[in-house]
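S.K.: Sequence:
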Amino acid sequence: MLVACSDLQRSTAPGVSPSVPAGSLSGMTSCGASFRVIATDDDSLMAAYGIMRTVDTVDVCESWTGSDYQWEGRGVGSSDNFPELVDDIQSVSYDAGYVVGYGSSGSQAVPPVEAGPTSFDYMYADESTRQASYDYPYYGVSSPDPAACTDPLSCPALSIGPAPSSATSAPKAAIPGVPFSRHGLTRVGVRALVDGADEIAPSREGFRRFRKIAGNETTIFSVDPRTQLLVADEVASASDTTWTRHSWTRVAGGYVRSRTDMESVEVITGRRIRNRTTIVLENVRVTDPRYRTLIGPEVRP
262 MLVACSDLQR STAPGVSPSV PAGSLSGMTS CGASFRVIAT DDDSLMAAYG IMRTVDTVDV
322 CESWTGSDYQ WEGRGVGSSD NFPELVDDIQ SVSYDAGYVV GYGSSGSQAV PPVEAGPTSF
382 DYMYADESTR QASYDYPYYG VSSPDPAACT DPLSCPALSI GPAPSSATSA PKAAIPGVPF
442 SRHGLTRVGV RALVDGADEI APSREGFRRF RKIAGNETTI FSVDPRTQLL VADEVASASD
502 TTWTRHSWTR VAGGYVRSRT DMESVEVITG RRIRNRTTIV LENVRVTDPR YRTLIGPEVR
562 P
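In this note's numbering, the protein residues as written are 262 to 562.
Since the hints were derived computationally from the structure, they do not count as laboratory data.
C-beta atoms are modelled at their ideal positions from N, C-alpha and C, and glycine is treated no differently.
Keep in mind that the hints are not guaranteed to be accurate.
Computed list of lysine to aspartate or glutamate pairs in DMTMM-like fashion (alpha-carbon distance at most 20 Å, straight line) [claimed, not checked]:
1) Lys473 to Asp485
2) Lys473 to Asp459
3) Lys473 to Asp356
Cβ-Cβ distance ranges computed for the label pairs, FRET-style [stated by the list, open to error]:
4) Arg533 to Thr326: 19 to 25 Å
5) Asp522 to Gly476: 23 to 29 Å
6) His444 to Tyr359: 19 to 25 Å
7) Arg487 to Pro378: 36 to 42 Å
8) Ser368 to Thr530: 43 to 49 Å
9) Gln369 to Ala408: 25 to 31 Å
Can you make the complete structure from the sequences, with help from the hints?
M.R.: Right, here's the structure in full:
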């Protein structure tokens with residue numbers, strides 16, 4: 262999914278002033294999923310230059326088309342350290358390979374920019390993230406309970422199945438019990454995310470861990486064996502490591518993600534640069550009629 266798990270790990274807002282009011286999103290007329298992202302960022306390198314932590318707030322709307330996402334993020338608040346430098350672009354949308362920026366009035370601020378054939382290319386999503394999106398497109402912010410979805414009438418088309426080999430291929434039909442069954446997980450999205458990884462020894466907390474190696478980068482996913490939710494991941498290479506923990510809130514029919522805490526360490530010219538980011542999700546709503554409706558606690562700004 263375009264804004265979560267691996268995609269929500271770095272959430273950035275358009276450069277907006279705190280006075281920009283929340284409002285309807287500019288380009289999309291409906292949302293399969295919607296939520297507010299509040300991202301707090303502390304960077305030790307920036308702090309050395311007197312630039313302290315920043316807090317950005319973005320309202321997100323996204324919908325799964327069957328093979329790609331439509332996505333829009335509208336900045337509704339920022340603690341920018343340079344408030345006099347207000348960006349003319351107040352919201353950004355992605356659709357069918359193009360990114361468009363809009364001003365505060367909702368009018369197009371810049372011409373569309375070609376960004377790649379699919380949102381997966383735009384976000385540099387890897388194969389496991391792509392597979393998870395096809396299994397359950399909103400896996401990054403919500404997770405329906407498997408037991409709540411045994412009846413096809415209660416959550417139709419819950420699992421689309423494996424992603425096609427190319428962006429232009431039609432999705433393959435799901436075969437019950439076959440796709441992404443390698444590790445015995447039944448929670449959609451999570452099972453596909455770890456399907457290509459090898460299970461290793463559990464964590465000290467008792468979480469199941471799955472390791473994937475791609476080039477010089479190693480990713481370890483941690484899954485709660487009781488809920489089968491993704492609760493942590495670690496991405497490490499020769500020059501940097503990022504640790505992430507995810508918190509979930511129980512709602513009717515499943516869970517919604519409420520918070521992600523990230524810490525990264527990067528080595529630059531022998532110096533260790535530490536960055537901490539906290540991402541809070543509010544007002545999570547999944548109302549795509551093809552999937553089970555999940556609505557998180559409402560938080561009023």
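S.K.: For a quick check of understanding: which of the numbered hints are violated here, in increasing order?
M.R.: 3, 4, 6 and 9
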